[in-house]
Structures are given as structure tokens and as C-alpha cells.
Amino acid sequence: MRGHAFLVGTYHEGSSPVHRAPLWLKFLLVCLTGAAAFVLVDWVVSAALVFALLLLHLLAQLPASHLRRTAAALAPMALILGGWQWWQLGLPAAARIVLNIAACVLAAGLMTATTPVQQLLDGLVRASGPLRRFGADPERFGLTMALMLRSIPFVLGAFADSRAAARARGLERSPRARLLPVVIGTVAYARQTGEALAARGLGDADADADEEASAGEGAG
Amino acid sequence: MSRIEFDGAGVDVLDGAGAPREILSGVSLTLTEQRIAVVGANGSGKSTLLRLLNGLVLPTRGAVRVDGLDTRTAGAKVRRIVGFGFTDPLSQLVMPTPREDVELSLRRVHRDRKERRRTAQALLANFGLERLADQSIYELSGGERQLLALVTLLAVEPRVLVLDEPSTLLDLRNRELLRRVLSGLAQQVVFSTHDLELALDAERVLVVDDGGIVFDGAPHEAVDRYRTLAGARDPGAP
Ligand SMILES: Nc1ncnc2c1ncn2[C@@H]1O[C@H](COP(=O)(O)OP(=O)(O)OP(=O)(O)O)[C@@H](O)[C@H]1O
Ligand SMILES: [Mg+2]
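Protein chains in written order, with the working numbering: chain A, 1 to 220; chain F, 1 to 238.
Next up, chain A with everything else stripped away, as it sits in the complex (with noise of 0.2 Å):
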């Protein structure tokens, strides 16, 4: 399951002017999709931010198959969501939630495309830097949003698993099928990165976090 999912997210080198934009100009326009999600209320204009943002992956150009991957993730969910909406609120407003989240997507899948997850990394922990003086672990909290990052395609991919999977048995119609795979999938995960990090020491706070409890052990 992991292996397919993890796939969505991929970095796909290039030398192209997206590639080659600065972090905090593409972590910006993650920032802007996010926030223009929440102000727009007209779906023309959301559909012209998800228009420049396919024009950005052409810009960028990334391979067709990365594409083809996001819109499969997002389908089900806009498919459910919209359909939703639309007898809900009405067209207008379904095509705008719709393409607002389309828009978040294709943004954050823009950024982690078009950059290396390390370089991401760096640039968090570079950004999240003056945060120590209040006690916070730029290297840790870098850290986490990596790992968060990554996740949101396994997720994903664990909703296209649990649904083929639960097809191939002829349960397509239980959600308990549908659902509880995604779920104990997921907890395993986590708990599988944290095993992983642990493994190799990675993810403590500073060691001497522990300074105090082991004080009177005595290491030697």
C-alpha cells in the first residue's frame, strides 16, 4: 500500500524557471492558494486560478503521469464533496468548492514536484530559525512537516487501495470496507515512521531532554 502511494508525491527533477523559483516564492503561492480557497465566493475566478496553476505544471514540465495522479486522488472525494454541494447549495457554489480545493492541491503538489524534499526541509528549519529563542526545535519541527507532507499522499493513496481492494472482494458498496483499511493503515503508518525515526535516533528532542530524568543513573 505504502509503495503506491507514496508515489503521488514524488519530486521530479527539472531545470525548469518553477524548479529553479526560490522556496519561499513557491511555499508563498501555497500560502495565497490556501488563503484565496477561504475569500473566493465567484467559481469563474476560482476556475481561472486552477487554469494558471495547470499552466504552472506545464511551465514546470512535469510529467503528464504526475498529473493524472492528482486528479485520480482528488476524483472520489470531488466527485462525493460536489456532488454533495450541488444539491446542497447549488452549481455555482459546488464548482467553486470544488475548484478551490483542486486549487490547494495542484499548489502544494506543485511545490513538492518541483522541490527537493531536503531542500524543503532546509528551508523550513531556516524559516521556523528565530522560533528558538522561544524554546522551539527548528530541526524537529522541519522535520515533521516533511513528514506531513509525505503523508498526504499516502492518505490518499490509501482511500485508491481500500477502494480497489475492496472492489476486487465485491464490497464496493461498504463503507466499512471503504474506510476502516484507510484508517489502520494510516495509524500504522505513523506509528511505522516513528518506529523509523526512532531506529535510527532521529526525531528525539535534544537528547538532553532526558538530562533529568537519567540524572541519577550515572551514564558510564
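These are calculated hints, taken from the structure and not from any lab test.
Be aware that a few hints might be false.
[What the hints assert, rightly or not] Which residues of chain A face chain F? A few of them, derived with a C-beta cut under 7 Å, are:
1. Thr10
2. Gly14
3. Gly90
4. Thr115
5. Val117
6. Gln118
7. Asp122
8. Thr193
9. Gly194
10. Arg200
11. Gly201
12. Asp204
[Stated by the list, open to error] Pairwise CB distance ranges (calculated):
13. Arg117/F <-> Gly194/A: 48 to 54 Å
14. Val109/F <-> Arg68/A: 35 to 41 Å
15. Val45/A <-> Thr60/F: 57 to 63 Å
16. Cys31/A <-> Leu196/F: 56 to 62 Å
Even glycine gets a Cβ: it sits at the ideal position worked out from N, Cα and C.
Since the structure of chain A is already known, use the hints to place chain F with the ligands on it.
The following block gives chain F with the ligands in isolation, referenced to the frame of chain A:
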């Protein structure tokens, strides 16, 4: 070498009905040898014993200490000293490509990005993996993944390496490579294995059966003992 102490360490888990079940009974041992192997049947408790070493599992009773650091109270410090390799290398790898995963390990040691890049390249090259550096980890073969998992572990420069069945997925050639790598390591290595040849490379071998240590000593005797145990289990044996 580090001094690994098991002080009456036992582990209970809750079974399906919520009642505690002992999967490791009070183990008391001191390990100071450089190469220590753990053998035993499936489900005998090898992984549990190894996981105690860096706090992935905490003892229900007793204590486990590495160089005097208690895994319960000084877990983070113990994990800086003790690296753990899982049987399934996919459990070990968190980044999408080998290069990124090795660079992740290096973050703790090297703050500088260029330095990390160079070191990662060198490490991958050492194990003949540079050609695969930018491939998805899901496109690697099982053996390549297992080697990569070992590289990501070595990259954090642990004092003690704990490896849970490191040779399971390897073909003959890569198993030889692994044996060579293990024998060349300056670190202390504690590993479990079903590969008795690999076990014979160790200086000390522990035989685990049904949650307890039933033999502790020289490799040849240990392997004989393990064979006898396995024979006693086999209903077809005379
Ligand atoms: N978290 C857990 N919860 C419940 N039971 C567990 C847990 N961890 C291990 N066990 C049980 O403890 C016993 C020992 O497991 P362990 O994984 O240590 O065996 P092992 O010797 O490594 O086996 P293998 O050779 O198959 O890897 C098994 O019966 C297993 O089912
Ligand atoms: Mg095991």
C-alpha cells in the same frame, strides 16, 4: 565496546482478551562482545529481545541499560548510541529516494547541505548503490533496499548496531557482501538471524526459545543446541 545490560528484563503484552501474556521472561545478561547473534524459532522472542536494546520496546519488568543509560529514562540518548535495523527495509526508509533517505540520516551529523550531499554520495557508492540514488525506493529490489536500509543506519554513526534478520532478503552475492560489511565494521553488532552460517560469524550466540534464553555461549555449541531444539519440535523427527 559498549556494555549492554539486561537486568531481569521481561515483557508482557495484552492478548486478544485483554489479559497479560509474557513474551519475554526475565532476562539477565551482560553483552560486551563485538559480534553477538540471536537465533531461535519464529515467534520465540528474538525481535522483542532486540527491540529492548534501543527502547522500541520497554521492559514491563526489570531494566535494560546501554553504557549505563536506562532505555526507559534516557531513551533519546540510548537511541543516539544504538541504531536499529528492521527485517523489512521498507519499515526503515521514510524518504522517497535513497539519496534523500541517506541525507536525512546525515542531518544529525552534518549541518551543511553540500557536505551532506557529498557524504551521502560516498556512502551510497561504498555499497554500489550510487546508480540507484535517485530512483524511487519502491523500484529497488528487496536486497537493494536491505542494503540501503543498512547504509541509512550507518550514516547516523551509531556505537551499537542492532539488526533484526539482516540477511533475509539477500541473494548469495549480497549475503556475502553483508557478511563482509559486518565483519569490517568497527561497531558492536547484535543481530538475529535464521542464517546459521551468519550466526557462526559471531563471538557469542544466544538461543531464544519460547520467550527465554535457553543457551548462551560459543557459536558452534549454540547452533547445535538450536538444531536439537528444532528437531524436537519437528513431528516427523525420530
Ligand atoms: N506488540 C505485540 N503484541 C502482542 N504480541 C506480540 C507483540 N510483539 C510480539 N508479540 C508476540 O510475541 C512473540 C514473540 O515475537 P517476536 O517478534 O519477538 O518473535 P521472533 O522470534 O522475532 O519471530 P520471527 O522469527 O518470526 O521474527 C510472538 O508470539 C508474537 O506474536
Ligand atoms: Mg522477528
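Consistency of the hints with the structure:
1. Thr10: Thr10/A check passes; min Cβ-Cβ to chain F is 5 Å, inside 7 Å.
2. Gly14: Since chain F brings no Cβ nearer than about 12 Å to Gly14/A, farther than 7 Å, the hint is violated.
3. Gly90: violated, 41 Å
4. Thr115: violated, 12 Å
5. Val117: holds, 5 Å
6. Gln118: holds, 5 Å
7. Asp122: holds, 6 Å
8. Thr193: Result: holds, 6 Å to nearest chain F Cβ.
9. Gly194: Hint violated; Gly194/A Cβ to chain F Cβ min 10 Å, cut 7 Å.
10. Arg200: At 5 Å from the nearest chain F Cβ, Arg200/A passes the 7 Å test, so the hint holds.
11. Gly201: holds, 4 Å
12. Asp204: holds, 4 Å
13. Arg117/F <-> Gly194/A: 48 to 54 Å: violated, 27 Å
14. Val109/F <-> Arg68/A: 35 to 41 Å: Because 39 Å falls inside the window, the suggested range holds.
15. Val45/A <-> Thr60/F: 57 to 63 Å: At 60 Å between Cβs, range holds.
16. Cys31/A <-> Leu196/F: 56 to 62 Å: holds, 58 Å
Hints 2, 3, 4, 9, 13 from the list above are not met by this structure, while the remaining hints are.
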